[in-house]
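S.K.: Here's the letter readout for the chains.
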Amino acid sequence: MKYSLRFCVLACFVTLSGYAQLDSIQRLDEVFVVDRQINRFSTGQLVFTLSSSILRDSPGTLTDVLQQNTPIFFKQNGYGMVSSPAFRGTTAQQTAVVWNGFNINSQFNGQTDFNTLLVDGFDEISVRPGGGSVVYGTGAIGGSIHLTNRLRFDGETNLTFSARIGSFSTYQNLLKASTSNEKWSLSFALSRFSSENDYDWPGTSRQNLNAEFEHYNANLSLARKLNQNNKITYYGMYFDGDRNFSLLFPSDPPSSYLNKDHRHLLEWESEFSEVTSVLKLAFFDEYFEYIPDSRTPSPTGARAQTALARYSLFYSYKDFDFNVLSEYNYSSANGDNVLSESRSIASFALLTKHHWKKLTSEVSFRQEYSDVYESPFLFSGGLNYEFSKNLTTKANISKNFRIPTFNDLYWEGSGRTDLLPETSNQLEASVVFSEVENKHQLSFTGHYNDITNLIRWVPNSTNTWQPENVDAVETYGLEAHLTSRFEWGMHNFNFSSLYAYTISENKQTGFQLTYVPKHKFTNELTYKINRFSVNLQNLYNGEVFTRTNNSPGDILEDYLLWNAGMSFKFPKLQNLKISARVRNIGDVAYQTIENRPMPGRHFFIQTLINF
Amino acid sequence: MNTYFKFIMISFFASVMLSCTNDDDLTEPLVPDGDYFNGTLILNEGGSAGGSVSFLSSDFQDLSNSIYEEVNPDEGLGLYLQSIFFDDDKAFIIANGSNLISVVNRYTFEKLGTVDSGLSVPRYGVVLNGKAYVTNLAAFDSDQDDYVAIIDIETLGVEETVLVGGVAEHIVSYNDDLFIQNAAFGFGNQISRLSTASNSITETLTLAAGLNSMQLYNQSLYALDSEGVKKIDPSTFTVENQISKPESLESVTNLRVENDQFYYTSGTSVFASPVSATQLSSEFIFDYGSTSTFGSFYGFEVSQNRIYVGDAGDFASNGTVLVYSITGELITEKTVGIAPNSFYFQ
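Protein sequences, first through last, are from chains A and B.
Using full-length UniProt numbering, you'd call the opening residue of the first sequence number 1 and step up by one each time.
Using full-length UniProt numbering, you'd call the opening residue of the second sequence number 1 and step up by one each time.
Isolated chain A, as found in the complex:
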């Protein structure tokens, strides 16, 4: 009793002064993951992991998965439309999406539209709140989202097929196959998600119009062990999205948006006793087309291509882990409105980690050189200290950045090549309480972030809108995360809960940024008995301001949503699992962007079969 009180007091202190993190537990022995840094070099930070079963059981896109399972707030122009994150109160460009170790935020606008990523084909998603530019480069300021494919050499063959049908003519299918022997490993996933998305706007007599979409995603991973020390791996992903943008008023011109992205990564790993050498070659192609009025199509589009070479050397010496990274990145873009230009970036990073008794410390640096803009010197320092098996504390300090995008640099008539990257200095500290068997874990994290040189498009003296390094933002807050597992005989309970308090202020005006809720919490309870399980979720988002001057009449009201699901397994029928889910049980009328209503109560039925 005395102890726990002392821990609580300590927790509050550490939390107030900084920032924290949860370590994921992973078995790395038989599974092969190419993003090696996320688990090895996250000292002082927490990493939350979402398993493939969570991904397969969540209907929808990356937005749907993350808004329930992370503190990130998403604003969507109606369900399935453009979705932008606010992670720890930062802007949409300040969350990095990392695919198998590489940052895949758009070269054009610097952000990822979280409704153009289907997640059920991935094997794992990791979320690391806080800075990560030293390893993952631009945009890792609020945090990073890691989409991961895993390869196994265990000789097993698996085939999964899932079909989901939902309200508003929504269909989602997944076919996933993997096979391996001692030398080869192959994994393949194909997913499709489409919806008429013509839901009624709750509380009104109107309907969501022109919002249908159809997305395809394919993932292919292939690895070959050449000998005991050498391995060649290929990862590829292809996304094809066709989406209309919903209308605010029935007479609005019906617009649509197509995007086709493909990404390829080839890796050669040589592993010796203390040294691992990894050479990666990557090629990314992103293409979009926007049709402002589909009745008189005159599309505007653009394509960006990126070629990357990255060499990284891991070296372990006594209690030290070293990683040297060097990378060359060549990107080019062309299309309507964007000048045909290219950009080269060379970067070097050194990551070091040291273990000493119960203390793990890490110091990392990165310097980039670009032919267009000046890059700041980036660093990260982290500490983990294990007081006992039940209590770990963490602290991290880092400098991160977000580079100007192709739109910022080369937009026809407006782009400016004299822009500076946005920079962020941040600090976080965490306390993590865990029960010995990890059945219960509770963490508190305090974070502070000072962001300067924010790029905003403002009108210049000749009334042309141009990007400028104008804004400075200060964010701070608290995150709490609880996971708990109980077993009473045949009864299994899983409970998780998270809360985030976020302040994000424009330093010039002192006003909270628009569309950043001060409070967010989510809870989830799953009960399992034998083959049957039920699940209950809720999600609360506090009110958000829609005007930069925080005028009190212009807010989106807070809301509380409830979801529930149940599932039943038939082990004799190839593990057939049938589940049903209802979202927004209370039929709550809510918006995440002004005048963009989200769906009321709606349903899904899913069948999933494993061979």
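Careful: at least some of the hints might be erroneous.
Claimed, not checked - Cβ-Cβ distance ranges computed for the label pairs, FRET-style:
#, chain 1, residue 1, chain 2, residue 2, range
1, B, THR253, A, GLU196, 41 to 49 Å
2, B, THR332, A, GLN305, 53 to 61 Å
3, A, THR296, B, ASN72, 27 to 35 Å
4, B, ASN72, A, ASN549, 21 to 29 Å
5, B, GLY34, A, GLY553, 20 to 28 Å
6, A, SER294, B, THR155, 41 to 49 Å
7, A, TRP488, B, ASN72, 31 to 39 Å
8, B, THR155, A, THR509, 29 to 37 Å
9, A, ARG456, B, GLY289, 18 to 26 Å
10, B, ALA316, A, THR464, 15 to 23 Å
The set of hints was computed from the structure by calculation and includes no laboratory data.
A virtual CB, placed ideally from N, CA and C, is assigned to each residue, including glycine.
For chain A, the structure is supplied; the task is to place chain B on it using the hints.
M.R.: Positioned in the frame of chain A, the structure of chain B alone reads:
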């Protein structure tokens, strides 16, 4: 004869209207009923969530925002509200982003109907002989597809369209002719004449570059371009006279003519010159010191010895309306909706 009679009637109605707002020295005239009778309508262009209309009472004390939504719950006026035109007690509110015209009772703001087809980025309108004539920009990358939509104001259907042959922006009527400013966003130098007898463009007059505003006043059409004010005889469609812009002012915009005075803006200042002058004055009445580069004088109007200024600020917070006396004293300042762009006097 017929048109002359009509002109007399219009003048008569106009004078009644003007008197109505000037309520100090008149007993209550026979007026239509409605919450929004006595004061000024302010059109707020709005952001990506749609625009709104605010109402400022004639004593400048009371401001009501989003009056359309107040009267017509669950309804909206559309994206990017551009302008309002009137016919008797009907107001036609144009949303250029939604290709929509909402028709409301001018004084109660009750919805009467909509024009929701046949429009393509509608901009400005005017009513003549039971028809509404509305300019449309159509595709943004072409000025050859701009047109005037002719709308029956009873059925609210587009009956006919007339290609303008250039940019179609402001439109005013004089007798049976319409004059269309073929210039928008600071580019363009022409005015076209559209004959409503033949529904075709009959003539085009070329002025100097940077044509930005025009107004019909006292049987003359006044237009402001980069050289100054041009006085145009609308019957012969020729330039009668030019009042040149002073060298010291880089650019001059927002021409309004009221009480034999020109009013115009430059930077964040308001200027006035008598219509009889040979050169526009370079001495400002007042400078309102806006910090908004693009949003200063987003709306500007002069009426009844009051100068109305709409400031859009950063376009991401609500805009401000400032009312000044004709000599530049600030009378009131109110927060309205996003991007207030025009004023209409009841």
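S.K.: State for each hint whether it applies.
M.R.: Hint by hint, here is what the structure shows:
1. B:THR253 x A:GLU196: 41 to 49 Å: 47 Å, holds
2. B:THR332 x A:GLN305: 53 to 61 Å: 56 Å, holds
3. A:THR296 x B:ASN72: 27 to 35 Å: Given range 27 to 35 Å: holds, Cβ gap about 31 Å.
4. B:ASN72 x A:ASN549: 21 to 29 Å: The hint (21 to 29 Å, Cβ to Cβ) holds, given that ASN72 (chain B) and ASN549 (chain A) are roughly 27 Å apart.
5. B:GLY34 x A:GLY553: 20 to 28 Å: 24 Å, holds
6. A:SER294 x B:THR155: 41 to 49 Å: Check failed, 27 Å falls outside 41 to 49 Å.
7. A:TRP488 x B:ASN72: 31 to 39 Å: 58 Å, violated
8. B:THR155 x A:THR509: 29 to 37 Å: 50 Å, violated
9. A:ARG456 x B:GLY289: 18 to 26 Å: The hinted range 18 to 26 Å holds for ARG456 (chain A) and GLY289 (chain B), with Cβ atoms some 22 Å apart.
10. B:ALA316 x A:THR464: 15 to 23 Å: 18 Å, holds
Hints 6, 7 and 8 from the earlier list are contradicted by this structure; the remaining hints agree with it.
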